[in-house]
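With the hints as extra help, turn the sequences into a complete structure.
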Amino acid sequence: MRARRGLFLGCDIGGTAARFAVIDEAGRLVRRGAAPGASALLATPGDRARLEASFARIGASLPHPVHAAAIGLSGYGPEAFTELAGMIAKETGIAPECLTLLDDVALAYRVLFQPGEGHLVAAGTGVIGTHFSADGSRLRIGGRGLLLDDAGSGGWIALTALRALYRRLDEDGIYGDMAGLATCLFDAIGSDDWAAVKHLIYGGDRGRIASLSLAIAKAAEAGDRFSQELLEEAGRELARLGNVLIARAGSRPLAFIGGVLKLSPVISETIADNLSGSACFPHIDVAEGAARLALEGIQRQSE
1 MRARRGLFLG CDIGGTAARF AVIDEAGRLV RRGAAPGASA LLATPGDRAR LEASFARIGA
61 SLPHPVHAAA IGLSGYGPEA FTELAGMIAK ETGIAPECLT LLDDVALAYR VLFQPGEGHL
121 VAAGTGVIGT HFSADGSRLR IGGRGLLLDD AGSGGWIALT ALRALYRRLD EDGIYGDMAG
181 LATCLFDAIG SDDWAAVKHL IYGGDRGRIA SLSLAIAKAA EAGDRFSQEL LEEAGRELAR
241 LGNVLIARAG SRPLAFIGGV LKLSPVISET IADNLSGSAC FPHIDVAEGA ARLALEGIQR
301 QSE
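When the sequence shown is numbered by UniProt numbering, its final residue is 303 and no position is left out of the sequence of numbers.
Keep in mind that the hints were calculated from the coordinates and are not lab data.
Just so you know, even glycine gets a beta-carbon here, dropped at the ideal spot from N, CA and C.
Ranges between beta-carbon positions, derived for each pair: (1) A179 with I284: 34 to 40 Å; (2) P78 with V30: 27 to 33 Å; (3) T44 with W194: 17 to 23 Å; (4) D172 with R31: 50 to 56 Å.
Here it is, written out as structure tokens:
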């Protein structure tokens, strides 16, 4: 039996950016777009406002009718389904019973692998390694947030650079040979005033913090040695997650994805040099893959 006529939405929502895709019942791409990043960790009113803004942007961009959706969302846990489904229904018109919610890394794994088939390290605003066994159980490595770790992520790169800059300033009174990095970072922040930096770092927007990693990549490309070494260290930290996955769950295809890999080819090269297995760096459209999962789910229900 064919799936009911209509459109199918897939979303990949991370802390820095959100992407969505819509396909029809034949699997043809109908629309693709982007929205502000957000997280399901609704710890502050600002977190909620960012998530609502992301869904509002997506909802305003959708053709209709959208019959079902699969959405990967950073920080999602099943305990939040009812609250988030209501928010999504309000902004998109998609009924909760037609909605599949996953954390963004679980979604990426489902797009890339069948359960038990491979390992995944996803490095963006934060970083996590994961493996799903054939029985559906999940092994998580890392993914505990910037306050605890997330080494190798965009947020970690940004905070490590800022920490080093301020230590240099404290010790020498000037940035010295880190002046180029300071210029790139403070240009990205919009000010070198401590009040502005403090507001950004302690304001709770992890995606905004992680976006500063672009400034470190810019400084590295311009020859800043600290930035170059920091990107290499990020690669080593990501390789470490991969090696732990291999040690804990066996040798399988190991994929690395996420925005951090786009900062510099040095990161991928360093991962490959420090991995006990072989790495692949697939170019996948998680949002479109999610839309196909939504369609497949409806097709299975219709059989």
